[in-house]
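Q: Next come the chains, spelled out residue by residue.
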Amino acid sequence: MLRYIYADQLDNYPRLAGSMFRDRADQFRDRLGWAVQVDGNGHERDRYDDLNPLYVIWQRPDGRHGGSMRFLPTTGPVMVNDVFGDLTGGGPIVSPLIWECTRFCLSPGAGPNVAAALMLAGGEIMHGFGIRHLVGVFDARMIRIYRTIGATPELLGSQGEGRARVSVGLWAFSPLARMRVARRAGISTELSRLWFTRAFGLRPKEAA
Amino acid sequence: MGNGVNVDHVLADLSSATAHEELQELIERLRDAFGVDHMVYHWVDGAGDQYGFGTYSDAWVQRYLDRNYLRVDPVVSGCFQRFNPVDWKRLNWSSRAARAFLKDALEHGLGNQGYSIPIRGPAGQFALFTVNHNCGDDAWAEFTERHGRDLILMAHYFHGKAMEIRPGRSSAPPQPLSPREVDAMTLLALGYSRAQVAQTLSISEHTLRVYIESARFKLGALNTTHAIARALTQGLIVV
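If you read the sequences in order, they're chains U and A. Residue numbering for the first sequence follows my numbering, beginning at 489 and increasing consecutively. Residue numbering for the second sequence follows my numbering, beginning at 325 and increasing consecutively.
It is worth saying that the hints were derived from the structure and are not from the lab. Careful: at least some of the hints might be erroneous.
[Stated by the list, open to error] Sample of chain A residues at the chain U side, in silico, Cβ under 7 Å:
#, residue
1, Gln405
2, Phe407
3, Arg470
4, Pro498
5, Ser502
6, Ser528
[Said to hold, decoys possible] The following label-pair restraints were derived from C-beta to C-beta distances:
#, chain 1, residue 1, chain 2, residue 2, range
7, U, Arg681, A, Glu431, 31 to 41 Å
8, A, Leu556, U, Asp550, 27 to 37 Å
9, A, Asp462, U, Gln497, 27 to 37 Å
[What the hints assert, rightly or not] Derived coverage of chain A by chain U (criterion: at least 3 residues anywhere in the stretch with Cβ under 8 Å from a Cβ of chain U; other residues may be distant):
#, segment
10, 412-420
11, 473-480
12, 503-513
13, 536-545
Computed from a prediction, not measured in an experiment: that's the story for all the values here. Where a beta carbon is used, it is the ideal one built from N, C-alpha and C, also for glycine.
Could you build all of it, start to finish, from the sequences and the hints given here?
A: Given below as structure tokens:
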């Protein structure tokens, strides 16, 4: 299932969180060869993980991480502005209606359906919170995977070469794209909406 | 509720405001423009100090402080450390203390519906911008769907000004427009269509929309026309 979890809630999901940070080490350090920090637990973490970001995590039936990504509003410190400022029009992109999405990660063996589920979650966030744009940091592999599900991000620019190549891009979500991505994910749009709604509180019927 | 909202004048006056009393007057005008019962700005720092302005009655504000409702208010606990807007219906009102708090709030003239926008500060501070109204669930859903984005922007504009005005607080300097944002706003000011601007700058319309959105926020505007006017007035673009 899709989980929406702020960093300060991760302690409630130790197995899920631990496997996410280990899968991130596997993807970004071991497979992509990025110069990322991995701690003694084998967890890949950076300073944006300390800013209480919102994670979207695909949880496998065994309770472990299947794929994930991380959101922060561009009104605070974000990677696209801090690290890739020259790719975003010569200055920072700032708006509470533009969120950054980084650290796209798939666990080893996760298929395009997980990537599609994450994309569906991005659409829920945009719709549910009035967000107009998601600016993402993508590696070449993720761009290929999103291309295979028919949801190629629009790239603003790229840095680096080979495996270390990193791109900044935009995600677009139209109602049509939502249906298409839901089919790829094998998840109904109703179920996706329900996961989102429940993650951010009680359903209206349960509320006081 | 929310019909014919025209807040451009409120925004223009907000940008030139220099005193707390003006913020109070402006939030009252904004409340009237949106046709809702209440609008409130509420700032809390890591040590529990509070500051705010808005349209709740003085009696309720005093009671909130006297009863130390900060500790039981589900809106505060539900928005702390978050950055997504929150509909009050989604919060957990199930505890006895929360239910008593809600009852007391309603008796002091608050409406049954609320929409709060959390804003995170740099050092454990956070602010809430809240719209409160008395109506049914469907009408409220329609209102937040229609005005949610404008309210999110207004929340940040009031927060920015509150931080600027508040004594002893250093506010972040206003963000300059990036070169690309200047290009985009200049061409729009010249009357180019979005398609023409995108073509001229050799970017997609989607990318252009991101630059316009970011420029709009930096200029403290809700719509592009207003943003262009502000950029011209402030001399940030020249046509």
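Q: Quick one: see if chain U covers the segment 473-480 of chain A, three-plus residues with Cβ-Cβ under 8 Å.
A: Contact hint for the segment 473-480 of chain A vs chain U: holds, 5 residues under 8 Å.
Q: Does the hinted range 27 to 37 Å hold for A:Leu556 and U:Asp550 at CB?
A: Violated, at about 59 Å.
Q: Is the coverage entry for the segment 412-420 of chain A by chain U consistent with the three-residue Cβ rule at 8 Å?
A: The restraint on the segment 412-420 of chain A holds, since 6 of its residues have a Cβ under 8 Å from chain U and three suffice.
Q: Going by Cβ atoms only, is A:Pro498 closer than 7 Å to chain U?
A: Violated - the Cβ of A:Pro498 stays beyond 7 Å from chain U, reaching only about 11 Å at its closest.
Q: Does the closest beta carbon of chain U sit nearer than 7 Å to the beta carbon of A:Arg470?
A: 10 Å, violated
Q: Could you tell me whether the CB distance from A:Asp462 to U:Gln497 stays inside 27 to 37 Å?
A: Holds, since A:Asp462 and U:Gln497 (Cβ atoms, about 31 Å apart) stay within the stated range.
Q: At a threshold of 7 Å, is the proposed contact between A:Phe407 and chain U supported by beta-carbon distances?
A: 5 Å, holds
Q: If you look at each residue in the segment 536-545 of chain A, do at least three have a Cβ nearer than 8 Å to any Cβ of chain U?
A: holds (count 5)
Q: Taking the closest Cβ pair, is A:Ser528 under 7 Å from chain U?
A: 6 Å, holds
Q: The segment 503-513 of chain A covered by chain U? Criterion: 3 or more residues, Cβ-Cβ distance below 8 Å.
A: holds (count 3)
Q: Please check whether A:Ser502 passes as an interface residue: C-beta within 7 Å of a C-beta belonging to chain U.
A: Hint on A:Ser502: holds, closest Cβ of chain U at ~3 Å, below 7 Å.
Q: Should the hint that A:Gln405 touches chain U count as held when the rule is a Cβ pair under 7 Å?
A: Interface hint status for A:Gln405: holds (5 Å vs cutoff 7 Å).
The earlier numbered hints that this structure contradicts are 3, 4, 8.
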